[in-house]
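Let's have the full structure, built from the sequences with the hints guiding it.
So you can see what is in the structure, the chains are spelled out below.
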Amino acid sequence: MHPLLGRPARLLLVIASAALTGVPLAWLLRLLEPRPWSAALAFAVPMQVFYGFVVLSAWWVCRRHPMGGAGSWRAASAQCSASIQASAVWAGMGAIWAVFLSRWLYPDLPRAAIFRDIGVLFTVGIPLYLISAIAHYLFLAFEASHAAERRVLETEVTAREAELRALRAQLNPHFLFNSLNSVNALIGSDPEGARRMCEGLGDFLRRTLALGARETVSLGEELALVERYLGIEQVRFGERLRVELIVEPGATACRVPPLLLQPLVENAVKHGIQDRVEGGAVRIEAVREGGLLRLVVENPVDDDAPVRRGEGVGLDNVRRRLEVFGARDARLVTSRQGGRFRVTLTLPAHDEVPQTAIPGAAHA
Amino acid sequence: MPESLRVVLVDDEAPARSLLREYLAAHPGVEVVGECANGFEAVKTIGELSPDLVFLDVQMPKLDGFEVLELLDPAPAVIFCTAYDEYALQAFEVHAVDYLLKPFGRERLAEALARARERLALAASRRESSPAEGDGAPEAAPAARAALARAARGPGRHAERIVVRDGAQVHVLPAERVDYLEAQDDYVAVHAAGATHLKHQTLSELADSLDPARFVRVHRSFVVNVERIARIELLAKDQRVAVLNDGRQVPVSRSGHERLKELLG
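Protein chains in written order, with the working numbering: chain A, 26 to 389; chain B, 648 to 912.
Derived by calculation from the structure, the hints in this document are not laboratory data.
Nothing here was measured: the structure is a model prediction, and the numbers come from that model.
Don't take each hint at face value.
[Said to hold, decoys possible] Sample of chain B residues at the chain A side, in silico, Cβ under 7 Å:
#	residue
1	P662
2	L666
3	E669
4	N685
5	P708
6	K709
7	K749
8	P750
9	S856
10	A860
[What the hints assert, rightly or not] Distance condition first, Cα-Cα at most 30 Å in a straight line; then the derived DSS-like pairs of lysine-lysine:
#	chain 1	residue 1	chain 2	residue 2
11	B	K908	B	K884
12	B	K691	A	K295
13	B	K709	A	K295
14	B	K691	B	K709
[To be verified] Only part of the chain A face toward chain B is listed, based on derived beta-carbon distances under 8 Å:
#	residue
15	N209
16	L211
17	G263
18	R267
19	D300
20	V302
We put the CB at the ideal spot given by N, CA and C, even for glycine.
This is the structure:
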């Protein structure tokens, strides 16, 4: 729907301004063939109102043929041919209207004058249509820049939200309660183990808070956090939880958003270990391939396990943060195959903090 | 000397079980007769040993604590042990003796245990005065347990699976694999993936727990998974059958047909 046609008030405005432009057209027609103002206006005003609506059709042509880049020439030619068509339609309408007027209201207008009027309509119609097309292109460009601005803002807001949610999810109270319960159990049977677990838990919390406050962290730091976490879960789940950690040495220096891997590992433990009697192996892989860093988190899954609600929310959260971080090069892909659920993250491999790359600082 | 109490511990985490064991060792007369690490084991062990009291975790693999309770008839006295506080209200609706939030201490456990003894003594005295009523531990009616399971899922959510017990065996049937349900006296026959399982529950209760967008009561005694319906055939006036993809037929009453039309548009 054309933006001007959506509301009655705007529609009235279109009709009124089109009717006003009927006055100069009437003046032009009187110049070519003298006639009373009433006759000229009776012909020109309705024709302009009609054409007012015809030129609005440029909107759809503009949207179909956007300006800029390789398509510009095609857009220009499409608009030219549309202008000829529109003008021809207008002239045709003008002929019908002129015949109607000459038969019923103004019979003394010579036939040659009517033909000339139609010619004027056709000649004037083409530039009028083109002016409308240009106005529409300007409007569309304005709207596009507005939308782009809004998108940038929205992305920023989602990124902040995602960070907050990640942090909140990080300090998962049930994880803490269960861990404290394990500590409680160990105090009786294995005081040394209880002590180690307290240390591990404290270390994990401190790291979580420290990493969460930063823009980026090294993959090594993130993995250290993940290892602390898995160490704590190991006490709870015992042999049910096996960990396979395969990290390429070159990958640990890469910068990643903080707490990116951690929620994925937590998911893997929940669905792959906690929800399964026999448990299994959580596998974490970090590989650097050219300019890209590939991270894989994999857990066993029962083939008949339904896709749970809530699983998607955590992944969406990670995906959004990844997009904010790596833009087009960042991807999150999930697959479920052969009894394994696998999340693969791909992101640009930066060794440095991206914003602080100072030119000329390397060697004086 | 307090009466002896036979106890089963159900928790998927070994440290949590050993903690309970340690705490309970301080209570004379309490005998831990079994330990289970998942819901399947729990159903089997509790069924075999009929303990006086069960310590039951909620979040476990395969079957959660509520599903375990749903499958036990008669249900034992239960003390829930979980890190999640959101199930507490519902737990008391099924007459759980107590609800221990992890981590908990010796005193809190002693309190729960005292409560359990009280409850069991009361049930025993009732049994003596009127032997016909009750047969041991205080138990919630299956209906109440189903209500609990529903409440535990939260509003607007539906059971994604049906648990049935066949002697010592427990089957977990994903809802999408169920073809139709059929009322048979006090049981519901669950027809799923070519097999039939009997579940001790009324058809209405079971149907209520399932997603109404998928399961439709087409007849007083039948609920059908609409995704299985190939076509509806009219046999006589107001007498229809739903023909399923595999050719089986399910009777459809007049009001059932209305409901089907409403759902399928």
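Verification of the supplied hints:
1. P662: 4 Å, holds
2. L666: 4 Å, holds
3. E669: 5 Å, holds
4. N685: 5 Å, holds
5. P708: With a minimum Cβ separation of about 5 Å from chain A (threshold 7 Å), the hint on B/P708 holds.
6. K709: Holds: closest Cβ of chain A sits about 6 Å from B/K709, inside 7 Å.
7. K749: For B/K749, the interface hint holds, since the closest Cβ of chain A sits about 4 Å away, which is under 7 Å.
8. P750: 4 Å, holds
9. S856: Violated, because the Cβ-Cβ distance from B/S856 to chain A comes to roughly 15 Å (cut-off 7 Å).
10. A860: Status violated, d = 15 Å.
11. B/K908 <-> B/K884: 17 Å, holds
12. B/K691 <-> A/K295: The given pair, whose Cα atoms are some 25 Å apart, holds under the 30 Å limit.
13. B/K709 <-> A/K295: Roughly 13 Å separates the two Cα atoms, so the pair holds.
14. B/K691 <-> B/K709: OK: B/K691 and B/K709 at ~13 Å, within 30 Å.
15. N209: 5 Å, holds
16. L211: 6 Å, holds
17. G263: 5 Å, holds
18. R267: Violated - the Cβ of A/R267 stays beyond 8 Å from chain B, reaching only about 15 Å at its closest.
19. D300: 5 Å, holds
20. V302: 5 Å, holds
Checked against the numbered hints above, the structure violates hints 9, 10, 18; every other hint is satisfied.
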